[in-house]
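Note that the protein sequences, when read in sequence, are chains P and B.
Per this note's numbering, the very first residue in the first sequence carries number 1; after that it's consecutive.
Per this note's numbering, the very first residue in the second sequence carries number 292; after that it's consecutive.
These aren't lab readings, by the way, just hints derived from the structure by calculation.
Think of the CB as a built atom: it goes at the ideal place given N, C-alpha and C, for glycine as much as any other residue.
Keep in mind that the hints are not guaranteed to be accurate.
Said to hold, decoys possible - If you only want the chain P side, here are some residues facing chain B, beta carbon under 10 Å, derived:
no., residue
1, Q32
2, V38
3, R44
4, Y162
5, I164
6, E199
7, R202
8, P203
9, V217
10, C223
Stated by the list, open to error - Chain B regions said to be covered by chain P (calculated; three or more residues, Cβ under 8 Å):
no., segment
11, 455-466
12, 503-513
13, 528-535
14, 544-555
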Amino acid sequence: MFKILKKQVLSPGVLLFDLEAPRIAKKAEPGQFVILRVNDEGERVPLTIADFNRDKGTITIIFQEVGASTQLLGALNEGESILDLVGPLGKKTHIEPDMGTIVCIGGGIGVAPVYPIARGLKQAGNKVISIMGAKSKEILIFEDEMKAVSDEVYVTTDDGSYGIKGFVTTALQQLIDKGVKIAEVIAIGPVVMMRSVAEATRPYGIHTVVSLNPIMVDGTGMCGGCRVQIGNESKFACVDGPEFDAHQVDFKGLMMRQRTYKTQEAQEKDHVCRCEQQGLAKGADCECQSH
Amino acid sequence: MPISLMKHKMPEQDPKIRATNFEEVAMGYGEEDAVAEANRCLNCKVPQCRKGCPVEVDIPGFIAKIKEKDFDGSIALVKEANSLPAICGRVCPQENQCEKYCVLAKRGESVAIGRLERFVADRSLAQGDHTQPIVYAADAQKVAVIGSGPAGLSAAGELAKKGYKVTIFEALHTAGGVLSYGIPEFRLPKDDIVKVEIDSLKKMGVEIEVNAVAGKLFTVDELMDEDGFSAVFISTGAGLPHFMGIEGENFNGVYSANEFLTRCNLMKAYQFPTHATPIHVGNNVAVVGGGNVAMDAARTSLRLGAEHVYIVYRRGEEELPARREEIHHAKEEGIDFKLLHNPVAILGDDQGWVKKLRCIKMELGEPDASGRRRPIEIPGSEFEIDVDTVVIAIGQGPNPLVQSTTPGMDTNKRGNIVADEETGATTKAGVFAGGDIVTGAATVILAMGAGKKAAAAIDEYLKTKKQ
């Protein structure tokens with residue numbers, strides 16, 4: 001069992017958990033992920049590690065309550081535990097000194113996994129320019145954290161409620177147009193955003209890395225469900241990634257595969273809690289566990 | 292009265308009914324049948340059956356005790372050699388092992404050794420687990436086992452019996468390896484059999500740590516240098532699915548058999564949405580491959596509601612690598628065998644969903660390196676079948692996570708760990724390996740045999756080292 005030491009609401013529907021996991025914290029590196037399962041009936045949910053603290057023995061995860069599994073997770077409180085947590089999985093981000101200027105881009109809750117990468121790059125002595133994008137100011141997360149580990153931070157909002165009005169690519173294009181010498185771009189966020197970033201840097205030949213989060217089960221290379229087309233090769237995101245050269249990624253294929261269980265997810269949302277049918281209160285601890 | 296040349300039949304669920312549920316297909320002997328079947332054993336002076344058993348169960352011995360109705364004595368004798376008898380009684384390919392050598396097999400059907408093993412094992416499980424915890428010596432040495440499949444469980448059981456403190460590290464959240472994620476419930480019940488057998492090992496004193504991915508959470512060197520393990524046994528199995536490398540394999544609805552079976556068995560997708568993991572099946576399913584895994588995937592598809600399930604296999608009936616019993620069961624349940632057919636492309640729609648499987652007809656030519664007649668394409672014979680799901684069951688390779696993080700341990704060109712056939716010793720001192728990670732995908736019992744041999748070798752190694 002893995003205890004929730006801290007629960008924080010970052011923005012509506014977006015939650016932060018600090019989990020007690022000393023062994024994972026000891027080994028975690030920027031770019032890696034964990035898979036968790038809330039209870040015995042639960043799905044295996046992959047989440048990128050948003051932070052880790054080796055001294056405290058904790059890892060941080062940030063997630064959006066979008067489906068049945070993340071809602072179940074979100075219903076847990078500080079002091080409660082999740083059943084399974086496995087990691088750190090995947091390859092760590094390539095970080096070394098003197099890489100030059102790195103642009104770290106996070107879209108939506110994608111800012112969370114970008115944070116330890118930006119911090120790692122900064123600690124290694126690189127110049128870090130961060131771009132954070134959100135639909136509007138209210139749902140922007142991790143601004144202070146990103147400012148603490150970046151040389152420059154640009155915020156973009158779709159509605160212009162804060163920072164630059166537009167998308168992360170708007171700010172990125174401005175940097176390119178200003179003539180900033182960019183050694184590498186790292187972008188994490190919704191697939192459409194990562195695809196846009198890839199298209200923005202492609203004409204300039206700027207090496208661009210994206211972190212993919214396809215559907216997966218085991219996370220150790222056993223099921224192959226997370227396969228993505230990278231150039232001419234089919235790769236497993238869980239063990240060969242999750243980070244790949246953005247200019248080689250088949251984003252269209254990735255988006256199609258992510259829709260595999262749309263029908264079932266809808267069915268799951270419509271599923272009526274059996275406890276509720278019996279007039280009992282619905283909750284994460286209810287025995288039917290089918291929320 | 293001369294003995295019957297036929298095995299006593301084991302009751303089975305009706306094929307039409309069982310194809311719609313996940314209950315066990317074969318229901319096991321009752322006492323009367325078991326004793327009658329045991330009485331077919333000739334108790335040969337030189338028993339041939341034993342040489343067919345990779346873990347060397349005293350077969351005539353345990354059968355003799357069934358004749359005497361000493362069932363407790365019988366299971367005790369089996370367990371001396373085999374720590375997972377209820378599992379082996381179900382999934383061992385006995386027809387290629389013990390039963391193949393039975394003298395009666397030359398004249399008719401062999402003694403039903405597997406069914407008898409299952410009978411005494413099940414009877415013992417039904418009486419509750421009376422496993423006694425092992426009392427360890429104060430200076431008992433620690434041995435780590437990586438992977439909790441058949442090889443790991445067997446090694447752990449043997450090592451514990453020899454007085455070693457064993458910790459098994461399992462990457463998934465449930466122990467059992469292929470017994471839990473791969474072999475379906477209707478062939479090997481999880482809660483009633485697999486879990487109970489594993490719990491019995493735990494009761495002996497074997498510790499099992501789940502959610503522990505070797506090569507990520509820790510390395511083999513760390514286990515030995517920092518965590519105080521005197522030896523390590525690697526039994527990580529054949530966990531890397533092969534795909535065919537044909538066009539369209541990334542369409543939605545195309546699964547590796549590993550994923551398809553893991554979703555269903557380990558994650559219990561057949562109980563969706565009570566269990567949260569979904570699975571996609573549709574009406575028409577094509578399973579590519581002819582081994583036991585392919586049969587499992589095909590029969591699972593039926594039970595998940597598919598109307599028409601094909602096995603697409605590039606060689607002929609005789610070359611099918613699956614157990615005869617599995618093929619027979621699959622046919623009884625209505626699986627459509629497209630033999631001498633090879634998939635050449637998977638076709639999908641513009642939403643990314645698989646729609647058709649394009650196959651080409653094959654004929655058999657001269658024998659190839661495997662001794663089987665080589666399938667050759669018949670030019671111009673391509674045609675398409677409508678499918679909603681394609682499951683690729685053409686084999687698995689070794690998962691590289693442990694090998695790539697263990698310097699000094701050699702692998703072969705396929706990525707399998709190089710280990711001594713008799714001892715499991717790798718090229719790294721104190722590190723042993725066995726099961727599919729060494730041999731490539733094989734059977735439960737061969738893996739158990741390797742685990743058992745390695746346990747003996749680890750014991751020998753540690754005793755020698757201590758002196």
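Does P:R44 meet its interface restraint, that is, does its C-beta lie within less than 10 Å of any C-beta in chain B? Where the cut-off is 10 Å and the nearest Cβ of chain B is about 7 Å from P:R44, the hint holds.
Should the hint that P:V38 touches chain B count as held when the rule is a Cβ pair under 10 Å? With Cβ-Cβ at 9 Å, under 10 Å, it holds.
Taking 8 Å as the C-beta cutoff, is the stated coverage of the segment 528-535 of chain B by chain P satisfied by three or more residues? Result for this restraint: holds, n = 4.
Claimed coverage, the segment 455-466 of chain B by chain P - three or more beta carbons nearer than 8 Å: The restraint on the segment 455-466 of chain B holds, since 3 of its residues have a Cβ under 8 Å from chain P and three suffice.
Chain B contact restraint on P:I164 - CB to CB distance below 10 Å: 34 Å, violated
Please verify that hint: P:R202, Cβ, nearest Cβ of chain B, below 10 Å or not. 22 Å, violated
Does the CB of P:V217 sit less than 10 Å away from some CB of chain B? 5 Å, holds
Return the status of the interface hint for P:Q32: holds when the least beta-carbon distance to chain B is below 10 Å, violated otherwise. Hint on P:Q32: holds, closest Cβ of chain B at ~8 Å, below 10 Å.
Quick one: see if chain P covers the segment 544-555 of chain B, three-plus residues with Cβ-Cβ under 8 Å. holds (count 7)
Does the segment 503-513 of chain B contain three or more residues whose Cβ lies closer than 8 Å to a Cβ of chain P? holds (count 5)
For the restraint on P:P203, tell me whether the closest CB of chain B is nearer than 10 Å. Because about 27 Å separates P:P203 from the closest Cβ in chain B, which is outside the 10 Å limit, the hint is violated.
With a cut-off of 10 Å on the beta carbons, see whether P:C223 makes it to chain B. Status holds, d = 4 Å.
Checked against the numbered hints above, the structure violates hints 4, 5, 6, 7, 8; every other hint is satisfied.
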